[in-house]
Amino acid sequence: MPLPYRNSGSAAPPSSRSGRAVPHAMPLVAMALVVVLLGAFLWLLQRNERDEEALALIKDALWVEQNLHFQLASDEDKLERLAETLGRTEVDLRQFAAMARLVVNTNPAIERVLWLDAQGRTMLAEPPLPRDGTPGADGPPDDSLTRNDAMRIARSSGLRAYGPPYRIDATDRGFDVAFPLFRDGAFVGALVGVFSFEAMLTHHVPWWFAQRYQLEVIDVTGTVLGAKSRMVVPGSMAGPAPDPARSHVIPFDPPGHGLALVATAYPSDSNVTRTVLVAAIFALTGSALWSLWSLRRHIAGRLRAEEALREEHAFRKAMEDSLTVGMRARDLEGRITYVNPAFCRMVGLEPEALVGCGPPMPYWLPEEIDRAEAALQDVLAGRAPETGLEMRFRRANGERFDALIYEAPLIDANGRQTGWMGSVLDITERKHAEELARQQQERLQQTSRLITMGEMASTLAHELNQPLSAIASYCTGCLNRLRSGRFDTDEVAAALEKLAAQAKRAGQVVRRIHDFVRKRDPNVAPCSLAQVLEDCVGLTGADAARLGVRVELDAPADLPPVTGDRILLQQVVLNLMRNGIEAMARTPRGDRRLTVTVRQEGGSDGAGDGVLLTEIRDRGCGVAPDMAERLFSPFFTTKREGMGMGLNICRSIVEHHRGRLWFEPVAADGGPDDASAGTRFLFTLPVHAQPSGRISDQSAEAAE
Amino acid sequence: MTTLHIVDDDEAIRDALGWLFQSRNVPVAGWPSAEAFLEAWRPEMAGCLLLDIRMEGMSGLELFDRLLSRGCRMPVIFLTGHGDVPIAVNALKKGARDFVEKPFNDNELVDRVIDALAFDAEQREREAGQAGLAARLATLTQRERQVMELVVAGRLNKVIADELGISMRTVEVHRSHVFEKMRVKTAVELTRLLTGAA
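Chains as they are written, first to last, in the UniProt record's numbering: chain W, 1 to 704; chain X, 1 to 198.
Treat the hints with care, since some could be wrong.
[Said to hold, decoys possible] Partner residues are not named here, just some residues of chain X that face chain W (Cβ under 7 Å, in silico): (1) 16; (2) 19; (3) 23; (4) 103.
Treat the hints as calculated values from the structure; they're not laboratory data.
Even glycine gets a Cβ: it sits at the ideal position worked out from N, Cα and C.
Isolated chain W, as found in the complex:
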């Protein structure tokens, strides 16, 4: 849809880029802040949780250590009571063994109970040591040594003593607790309880602890002596490994010897959930950022497109403003939807007065509304001529101009036709130039004819002068002799013969000229005088229009034909019409009217078929009486450029056709005091005689 033409510039001021960038950056900054704050919050949360976990770890570790102590103490109490039993009385071995078995069975942490004598020899072992090896064969080589150490310490201190850890069997490690046995103050041996780390941890660390932490007993060198870890459900995948960063070490004393308890926390399930949550949040933030970025890109693209559109629009506008060709768009009903400045200048109307205007348009000529309407219907029906349509339009100030219009269908973005676009060219100048060129051409032709004529006349005069001069000389010479009386008859006769020869020569010159002028015989045939007159009205049309003369032809349709040369008759009528048109140069414009009438006369009174009387009447200046006498004489003319041949030749032609040519002044219609109100030239031509027509046809054919 074309934009309606507006005079005032409507281009919006270009917005500054920096001004647009600030609101653009805002969402990005906000988004970044949200991400940062969220990160900070999560980090804080994480840290709190870590702190809490670390605290819980310490508490739990302390608790479990205490629990182990308590259990150890309880087990030691039982062993001490057993040792007291041994110190008090002579012991029944079997009874003691039963007691020892009971202790071992009821206290899972106690692997074995040993009764050693003062020399360290094993008195009793419950459960009994394997028979196939010496004591200590399954332990480390210094098994008895470490045990002896503990025994010695216990003996010297009189208190229980803890031995260093050692391997108690292939898979297990443990340590000894030695209780000195005094009987009546004398050291008689020691009761040793072998404690297994593995068993201790298995039985004295509760499941919930094991679920959350891995608990290990390590020695000074860091070697793991025993461990309790999470129960692994068969068939499921192994859980995550404990986090070495989150562990707590507590010295395991007693039994001492640099042993330590290490509790290491497993990564909690809630951690995973939260990671997923955080990941989801970050993913959302990322997607928000991405959408923001793509939105920004979209907006930038839109802005670019808008800018391009604005530039394109400005360019188009500059282009259409600079056009000298008038552009005019019309919808399918013929109403104007758009005009460009050139068109407005052309018709002298504002765009407001034109847009929305339907037929009849204000610039149509009132007398040509029918033609313009027909042309419009042609255009709307798609029958606009491709070579353009010439029309005459009217400006607002009444001035008229010639326009050349090309029409093209107006197609919208969807490919539908919405109307017609016409380009209008003001061709007044061109038409004027064409008319001028035509006139010049005509004048040139006339001049060239004149020059040819002049040359011919000059040659003719010279050619004729020669024999005529000779004739005159012979003649005068003869006369002189005759008068003088002194002459010889033969001599004079010879001179007269020469004279006659020169006269004949002159005659030949004249004949030659005549032959030259009359190049062809008239082509005589029956022809329609009405047709001849119509042709002539057409041929003089341009001249008549130029001088504003209205030419009226009145010829009955049923005129009989005349015999004659169509071209020659045309020359006669053209000449008379041109004379008439030019005679009206000083007549008021409204009165310039040339009437051509043709009527049949006679024929009813038996005088043949009668004649056709043609009248060519002008409203011109008339013919002055002194001119009237000479009007038909050769080489007489009233025109500056005339040759004085026209009327004379016309009359010759008409007479050659057995007709007559004459003229009559016309009295003024209104008042008789007016000298003349124009002239009428009349000529008659006999009607073509039917019976003899064949003969003249034949003669015409023969002439051809």
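Knowing the structure of chain W, use the given hints to seat chain X on it.
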């Protein structure tokens, strides 16, 4: 002997004009072209020229120009056809004697030609006279010339003798010699002869 020279390429015209001029006893010579006449022309040729302007080859005007440049002083009458009048007038300004437009009134033409012939004869006579005077003056001696000048000045013999410092008798002898050599009889005649020559 003075003759009318007709230069015209039209034989009929030459013949007819010859017929006409002979009827008035004017001797005529016809020339078929300007070139032929130019060939035959001699400075001593006397008479009058009747020239056609429009001719085959050299035109009458061109012939006129050539003759002028060669010192021909014969009177020239142009015959002009239709449309040649401006050219003929131009020729007149250059010294042509007359022009006659064709077709001409024949006896008037003859009269003009006779006038021209007479003019030519007179002109030649005058020129011949002048040529004689110069020859006669050339025969005078220094003293005779001095005497003659004083005689023409109107001095008496006695005054002349005083002025020249010679005797009356000697002046008279010189005077008679001057008269004899100049072929005059009186001082008046001598004066007229000399002033006419001047």
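Here is how each hint holds up against the structure:
1. The interface hint given for residue 16 of chain X holds, since its Cβ lies 4 Å from the closest Cβ of chain W, which is under the 7 Å cut-off.
2. For residue 19 of chain X, the interface hint holds, the least distance from its beta-carbon to any beta-carbon of chain W being 4 Å, beneath 7 Å.
3. The beta carbon of residue 23 of chain X comes within 4 Å of a beta carbon in chain W, closer than 7 Å, and the hint placing it at the interface holds.
4. Hint on residue 103 of chain X holds. Least Cβ distance to chain W is approximately 5 Å, under the 7 Å limit.
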